[in-house]
Amino acid sequence: MAVDTGRSAETAADGEHHSGRGRRGTAKNGNPPGRRRALTGQLGRQLSRHWYAWAMITPVVLVIGLIIGYPLGRGVFLSLTDADESNVARTIGVNEIPATYDFVGLENYTEILSDSVFWDRLGWTALWTVGCVSVTFLLGLSLANMLNRQVKGRSFYRIAMIVPWGIPAFVSVFAWKMLFNEKYGILNEVLDGGGIDAVPWLSDPTWAKVAVIAVNVWLGVPFMIVAMLGALQAIPDELYEAADMDGASPWQRFTNITLPGVRAVSSTVILLSTIWTFNMFPVIYLLTQGGPGDNTEILVTYAYRLSFVNSPRDFATSAAWGVLILVLLSLFTLIYRRALRKQGEVW
Amino acid sequence: MRTQKRSRPASVGLHAGLLIGTAVALFPPLWLLVTSFKPKSEAFSTALVKDFTFDNYDHVLADTYFLDWFGNSLLVVLGTTVVGVFIASTTGYALSRFRFPGMRPLMWVLLITQMFPMAVLIVPLYNTLATMGLLNQPVGLIITYLTVAVPFCAWMMKGFFDTVPVSIDESGRVDGLSPFGTFWRLIMPLAKPGLAVTGFYTFVTAWAEVAYATAFMTGEENLTLAGGLQTFVNRYGADWGSMTAAAVIIAVPAAVVFGFAQRYLVSGMTAGAVKS
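If you read the protein sequences in the order shown, they are chains A and B.
Taken in order, the first sequence gives residues 1 to 347; the numbers are from this note's numbering.
Taken in order, the second sequence gives residues 1 to 276; the numbers are from this note's numbering.
Looking at chain A on its own, in the form it has when it is part of the complex:
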């Protein structure tokens, strides 16, 4: 919730007094046509009134424009060409070789969409995202629920359980890679002790999928616990007391008070973690390199593979994959927001 202090700041800055209404009016209506003087005058006024705000946002606008806006535009352009390692502009020694790639229109897209590789990867990416987010959410919610009670050692439990968050993901992934080692890893050693055959964690397509999801859940639960704990603590105790008076069972209290109470926060964290998981690169890239075969390759890692692992590097197709990922995510976000709005969520 922002407070409009622009007015008083602006009075201090240019010594003039403007009413909030009038200011908004000028900003919205723009310039009346055919009045250059008025136009420059207005621009000048706007500038003297807002220059400090604009000065404060300039660095971020520059960063976003130059390093997100420009590459994004170029990425879209590249996806419409046949650029690859052999025909982009490059420098070899002192020779500058100019780019020789051609504009091919939507060819890359039709090729990708008519190929089963994309749909296979999309299917697994969807499964990966839904699997990771739902398990992470359920675990996070139940653990937060347990922590949100008077229990001995509460702060120890809480700190211990957010430890995975404090370790860089790539370090944790390597730790898991060691645990998952098929011949000597401790997971299989323990199973062996229990008389169970070794599990080919990372070399069997199905187990590899289980393994990457497990690791991602392990990485994601701490964030979920903290977010849900915050949401749970915001629910007033009186609601539970009133429910107790009415003789509600624990399950009834959970479904009628706890769940509605955490809904606003849940919808946000679920959206966030869906987007993060969809684009989660390190877990899969480092744990299985997308393997075995390309069984655990999600869209993002596959796009990366196209331009940085495979040879020759196929920049155009990779960019087209990237654009498709962006389109998918935007669609998802739109639909999700619309669904939330229908249910009366405010944001």
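Just so you know, not all the hints are guaranteed correct.
Stated by the list, open to error - Mimicking DSBU-like on lysine-lysine, the simulated pairs with C-alpha atoms at most 30 Å apart in a straight line are:
#1 B:Lys50 with B:Lys40
#2 A:Lys183 with B:Lys50
#3 B:Lys40 with A:Lys183
#4 A:Lys209 with A:Lys183
As the list claims (entries may be wrong) - Cβ-to-Cβ under 7 Å is the rule here; a few derived chain A residues that face chain B:
#5 Ala99
#6 Val151
#7 Pro168
To be verified - Coverage of chain A stretches by chain B, computed from C-beta distances (three or more under 8 Å per stretch; other residues unrestricted):
#8 118-127
#9 314-320
Don't read these hints as lab results, they were simulated from the structure.
We put the beta carbon where it would ideally sit given N, CA and C, even for glycine.
Once you've looked at the hints, dock chain B against the given chain A.
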């Protein structure tokens, strides 16, 4: 928090659940730590340390490029954090306090950039950095990481500044401070928890980033830690001993920073939800 009496089985179940959660959360990093003190040949023994040794650490620090990687990472992370937090906080302040033309579009852009997959940007960024001669340069990575960290941090800082009473700004102006003066002298000191959280977020993001670092930095001495760690365990061979020692050294600074920040982190993240 509720304070009702629990039955004995419920209590046991509660502790059992929490203990299992704790064990699962702690085991992988602890096992990494334990393994790092074992001789290379015993990297995969299930026993706890039998012959305690620092060999792995010696080897990693003395015979590999680890210190170079560490230096590269540190440079990149500090650069990103200092620049990122600063420009995110000025933006957050402008968004929180002023109404100006271009504000709504900016907020939308900040929101939208957060869901940009790096897959869209990585190829053109690679080409752009290549033409600017910034591949293999820490500066190139700093610029890249700013795009990841800044939009989110600006949002968070806006949230924090929203919780700082406007009356403080007003009293600053009454005392004759300019908007920048108010921001720098009055508001920034009050925003320390927010700065800690965004700084922490930026630090962790940059310290743990893998994709850009792997793609943009080549040559053993130019890698960051994320790239360097991959060289120990890859498809050509596995030096688990060195990997564990390096991993521990990488995890410790992150864990320390996290330890300092987590109090703010938790209160910061819940600030929006908990009425105070």
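* To do: Go check the region 314-320 of chain A versus chain B for me, would you? Three or more residues, Cβ under 8 Å, otherwise it fails.
  => As far as the region 314-320 of chain A goes, the hint holds, because 3 residues have Cβ atoms under 8 Å from chain B.
* Hint validity - A:Val151 Cβ closer than 7 Å to any chain B Cβ -> Where the cut-off is 7 Å and the nearest Cβ of chain B is about 6 Å from A:Val151, the hint holds.
* Quick one, is the A:Pro168 hint okay against chain B at 7 Å, beta carbons? -> holds (4 Å)
* Asked: Hey, A:Lys183 versus B:Lys50, does the alpha-carbon distance stay inside 30 Å?
  -> holds (21 Å)
* Given hint A:Lys183 paired with A:Lys209 - CA-CA distance at most 30 Å -> holds (19 Å)
* Asked: CA of B:Lys40 to CA of A:Lys183, is that 30 Å or under?
  -> Holds. B:Lys40 to A:Lys183 sits at ~16 Å (cutoff 30 Å).
* Hint check: 7 Å Cβ-Cβ cutoff, A:Ala99 to chain B -> Cβ of A:Ala99 sits 10 Å from chain B, so the hint is violated.
* To do: Take the C-alpha atoms of B:Lys50 and B:Lys40, compute the straight-line distance between them, and say whether it is at most 30 Å.
  => holds (12 Å)
* the region 118-127 of chain A covered by chain B? Criterion: 3 or more residues, Cβ-Cβ distance below 8 Å. -> With 0 residues closer than 8 Å to chain B, the region 118-127 of chain A misses the three-residue bar; violated.
Taken one by one, the earlier hints fail for this structure at numbers 5 and 8, listed in ascending order.
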